[in-house]
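Enquirer: Start from chain B and add chains H and W according to the hints.
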Amino acid sequence: MISANMAALQVAVPLIGAPLCTLIGRGTRAWLFATLVTWFAFAMSIGLLVEVMQNGAFSYYMGNWPAPWGIEYRVDHLSAFVLLFITGIASVVMLFAYNSVENEIAADKHRLFYTAYLLTLAGLLGMAITGDAFNAFVFMEISSLSGYVLISLGRDRRALFASYQYLVLGTIGATFFVIGIGLLYMATGTLNLADLATRLPRLGENFVVFAGFVFLMVGLSLKVALFPLHLWLPNAYTYAPSMVSALLAASATKVGVYLFLRFLFDVFGIRFIIDTWPLAEIFMALAIIAAVMGSLVAITQINVKRLLAYSSIAQIGYIVLGISFVNLTGLTGAVVHLFNHALMKGVMFLAIGSVLMRVGGTRFVHIRGLGKRMPMTMAAFVIAGLSMIGVPGTVGFVSKWYLVLAAIERGLWPVAIIVMATSLMAVVYVWRVVEAAYFAEPEANHEIAEAPWPMVTATWILAIACILFGLTTDLTIGVAQSAAVMLLGGGQ
Amino acid sequence: MVGFAPFLPLIGAVMIWLAGPRPNVREGVTLVTAFALLAAVASVTPAVMAGDRPEAVLWELMPGLAIAFEVEPLGMLFALIAALLWIPNSIYSIGYMRAHHEKNQTRFYTCFAVALSGAVGVAFAGNMFTLFLFYEILTISTFPLVTHAGTENAKRSGRVYLGILLGTSIGFQLLAIIITYALTGTLDFEEGGILAGQVQPVVIAVLFALYIFGIGKAAIMPFHRWLPAAMVAPTPVSALLHAVAVVKAGVFTVLKVVIYIFGLDLMQGAHPGMWVPWLATFTLIVASLIALTKDNLKARLAYSTVSQLAYIVLGASIATSGAIVGGGMHMLTHAFGKITLFMCAGAIIITAHKEKISDMRGIGRAMPITMFAFLIGALSVIGLPPFGGAWSKWYLALGMMEAGQLVFLAALMISTLLNIGYLMPVVFRAFFPGDGANAFDGGVKEAPLACLAPIAFTAFVCLVLFMFPDPAYQLLLQLVP
Amino acid sequence: MDVLGKYSYWVAIIVMMIGFYVVIDRGNLLKKLVGLNIFQTAVFMLYISSGKVAGGTAPILYDGDAPFSNPLPHVLILTAIVVGVATLALGLALVVRIKEAYGTVEEDEIQAIENREEDAA
Chain B
1 MISANMAALQ
11 VAVPLIGAPL
21 CTLIGRGTRA
31 WLFATLVTWF
41 AFAMSIGLLV
51 EVMQNGAFSY
61 YMGNWPAPWG
71 IEYRVDHLSA
81 FVLLFITGIA
91 SVVMLFAYNS
101 VENEIAADKH
111 RLFYTAYLLT
121 LAGLLGMAIT
131 GDAFNAFVFM
141 EISSLSGYVL
151 ISLGRDRRAL
161 FASYQYLVLG
171 TIGATFFVIG
181 IGLLYMATGT
191 LNLADLATRL
201 PRLGENFVVF
211 AGFVFLMVGL
221 SLKVALFPLH
231 LWLPNAYTYA
241 PSMVSALLAA
251 SATKVGVYLF
261 LRFLFDVFGI
271 RFIIDTWPLA
281 EIFMALAIIA
291 AVMGSLVAIT
301 QINVKRLLAY
311 SSIAQIGYIV
321 LGISFVNLTG
331 LTGAVVHLFN
341 HALMKGVMFL
351 AIGSVLMRVG
361 GTRFVHIRGL
371 GKRMPMTMAA
381 FVIAGLSMIG
391 VPGTVGFVSK
401 WYLVLAAIER
411 GLWPVAIIVM
421 ATSLMAVVYV
431 WRVVEAAYFA
441 EPEANHEIAE
451 APWPMVTATW
461 ILAIACILFG
471 LTTDLTIGVA
481 QSAAVMLLGG
491 GQ
Chain H
493 MVGFAPFLPL
503 IGAVMIWLAG
513 PRPNVREGVT
523 LVTAFALLAA
533 VASVTPAVMA
543 GDRPEAVLWE
553 LMPGLAIAFE
563 VEPLGMLFAL
573 IAALLWIPNS
583 IYSIGYMRAH
593 HEKNQTRFYT
603 CFAVALSGAV
613 GVAFAGNMFT
623 LFLFYEILTI
633 STFPLVTHAG
643 TENAKRSGRV
653 YLGILLGTSI
663 GFQLLAIIIT
673 YALTGTLDFE
683 EGGILAGQVQ
693 PVVIAVLFAL
703 YIFGIGKAAI
713 MPFHRWLPAA
723 MVAPTPVSAL
733 LHAVAVVKAG
743 VFTVLKVVIY
753 IFGLDLMQGA
763 HPGMWVPWLA
773 TFTLIVASLI
783 ALTKDNLKAR
793 LAYSTVSQLA
803 YIVLGASIAT
813 SGAIVGGGMH
823 MLTHAFGKIT
833 LFMCAGAIII
843 TAHKEKISDM
853 RGIGRAMPIT
863 MFAFLIGALS
873 VIGLPPFGGA
883 WSKWYLALGM
893 MEAGQLVFLA
903 ALMISTLLNI
913 GYLMPVVFRA
923 FFPGDGANAF
933 DGGVKEAPLA
943 CLAPIAFTAF
953 VCLVLFMFPD
963 PAYQLLLQLV
973 P
Chain W
974 MDVLGKYSYW
984 VAIIVMMIGF
994 YVVIDRGNLL
1004 KKLVGLNIFQ
1014 TAVFMLYISS
1024 GKVAGGTAPI
1034 LYDGDAPFSN
1044 PLPHVLILTA
1054 IVVGVATLAL
1064 GLALVVRIKE
1074 AYGTVEEDEI
1084 QAIENREEDA
1094 A
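Chains as they are written, first to last, in my numbering: chain B, 1 to 492; chain H, 493 to 973; chain W, 974 to 1094.
Chain B on its own, in the form it takes in the complex (with noise of 0.2 Å):
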């Protein structure tokens, strides 16, 4: 029963969690009730993997309405892989999210915030496994408009304003998203994303497959903050709640590069990307300034967290700029540094989380001398700083590898050297926080202690991870290799 329906369960469950979470009561029930949900849906996107790594990809059919009428619900190795990722880093999060949202959030509102994470979370694992254009839309704006509220609840009132801009700039992406949607409807007559990717090639060259396109990627670029479309992103990150900012930077743009693979390789095919535009050649220069210009501001920002921000505008550059390869090597990093990157980001915003909770600020002035203070944050924190570098023995070098490999592979020396680079933009920032909280002596005298187990717990499960994934990366590299394959066969 629940094996067959496990594509089901995935996103029912949190979304159904979603309103009785409001209802079952406040405080330490909401979030112990909100966790289970969230182990839940871990448990069964471990199920999914499992089952597409032994059995290969399948679909599961929404009320049994067979495919292009039906909504499908499609589990591949890319779609199992974020599922997986992102139900994964949600779990330690929550872990993490008791003591921190009872330190941020009013008492009165814990149901309200977890009822709104619940919906975020089912908005997400939505988009990553529907295989249905226009659901993913409505997925979209689920986890999009709960996300708002998430970070509207920050302590600090620039997170409304934050939360304001987010809103106009996330609705006319997710509308640009729509308009896309409807043009290809309007030119094909089908929303089911494989259905597409068979009747658009019979089209041929075709205006309103091209506009539709168009919109979509613009749409979605707005969803992963892909420079120049970015704006919405560092206020965003840098006033929500600890645990939305960990969240967020962990999952909700990753989700947005998802359906970018999608719909760029699976239903607009390799051949649409190479033969129409110079696509490629486009996404690779943003992808470029994305990751310079990411890491050239994170270094000169005075608060650590909007410098986190700064720095994940950079990575989606990273994450992109592997996709405009166009190779095995670069998709496989990239896919791999979805997961890589959501792990380090998650390390440093858990991490810069418990600062706030115990200094009550998270500029470089409140970070001075918490190596000692605050050991195993820090050290935390040091690790993803490693690994954010590239340093061998950490996810970073893994995903690293793969992009300057793929980089070189395609002839583009210039591009490797700028990958290169901008690791060393990364030594620069990584290395002011470490020498702020190693190497200078606190400001104040007052005695500041560790966080408290649950959260350094959750940091540490995380930055563990950062290492053992850097070490064994058969999982990892083995998934996202097969994920990729599947992209680059998928429109030949």
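Just so you know, nobody snuck in bad clues.
Computed footprint of chain H on chain B, listed as stretches where at least three residues anywhere in the stretch have a Cβ under 8 Å from a Cβ of chain H:
#1 383–397
#2 404–415
#3 430–440
These are computed hints drawn from the structure, not numbers from a lab. All figures in this text were calculated on a predicted structure; none of them were measured in a lab. Virtual Cβ for every residue (Gly too), placed ideally from N, Cα, C.
Expert: Only chains H and W this time, still in chain B's reference frame:
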């Protein structure tokens, strides 16, 4: 044992950290770990001497990319140097750190042990990836040692240190490694090199440049600034890490890359990097000239190290059998000579609180043993018999002759004269202060025994290396056809 | 090219641009939301007009054999309208909270307040 030895100091580091609150236990653990490491490294030696190549594959990261160890003669020699010198250096550290009342001593000993793990890992690495991994461990673990004092000056130097070492290694070396992998599909160190016959001379030239500049620890100009900057560290750090482990890891990597990645045939045949010997020569002459102008003793020694490292890079890039053997020998003899000099400089700092050479007139009367050891170290570094340094210069010179590169031979000789020029005055002024008032009438005495004994030991080894160079020579001879 | 024949699309595009312009140009947060809504409404028009079949009736079961309009876009837009309403509600709620927190709903004034805070910190 091969797979275990590089991690032994890591275990020691954890124990040192745990024993932090009790200094005696902590330093006891340091010494025990040092002896254990030496025993572990030494236990591998007979097999390597006999021509074996003990290896251990720990785990595979990605296909063709494994963390693996394989001990070959050069690595054996480097590991022996690092492990052997850690013992006297630890004893010296105990004396120095206590006499100097340094703070954060637990961090100091812990990072020191991690750095040793990095050095032995570099030495035993069976492929370029493993080498790079431990190379970076070495860089990062020594950063807290450089900034140990915690002053603004120390932090600034720390930034230079980390910036250059991480910058070159990630910006150039990692790029070179990935290119090598893209070209050959492997990163294993193989006899005769893995690039031979695979690629265009142009690519070889670019790749060689990336490696040479990427191995910032070899301190080839213009990436040498980190070494003088690192001199703000406590003297034991300068002595072991910045005269032995870190810099030797640099030149060791250069030698490894030349022998096992490019292969000697490729290096001799096509001369793809014929500009490298010129750069090395430039470095060794200019660094010697700068050393002449430095009044701070540690700074002068640092520039001397830059210059001596260039000898080894010169040897590696000439790549004749004599030059390679000479380079390997120089790793050994310079290590013992330079550590002696640094430990002497440290002894002067803790007893007389003098760092400038101009303030050291007549100090030989007050600290005769220290300054006598300094003389031995200096003579060995210069390369005069009866001290170890004579052999390495001899083989290097032989290597230049083999290649018919008389220009470089001449540079070697000029630089030797410069060595005399910047090292001997220190000794002369110490013993023959001239007319100037002798500031060391009373008060200043020899350093504590814990400092003095290691100095005497390493100075003595300089002499022994002259008498019995054969084991090292036999070991290195395996490297060349 | 049949420009006038596709007038429904032209109307949609013009309305869309009007909405988009309001979002970009207006500094008042409320007016921005109005613009956003107009923008979304234009998309609804685009979808619905695409479902129209010339001479078609409403897709209701009845005796006889007449062409009927495609109902799917209508259904989709029903969902999109719900999304639009939710977005508007949330946006308005945020504006209320912003007014409480900053005392203004003008973008430039809020930005000025934030800049002052940034300088003070």
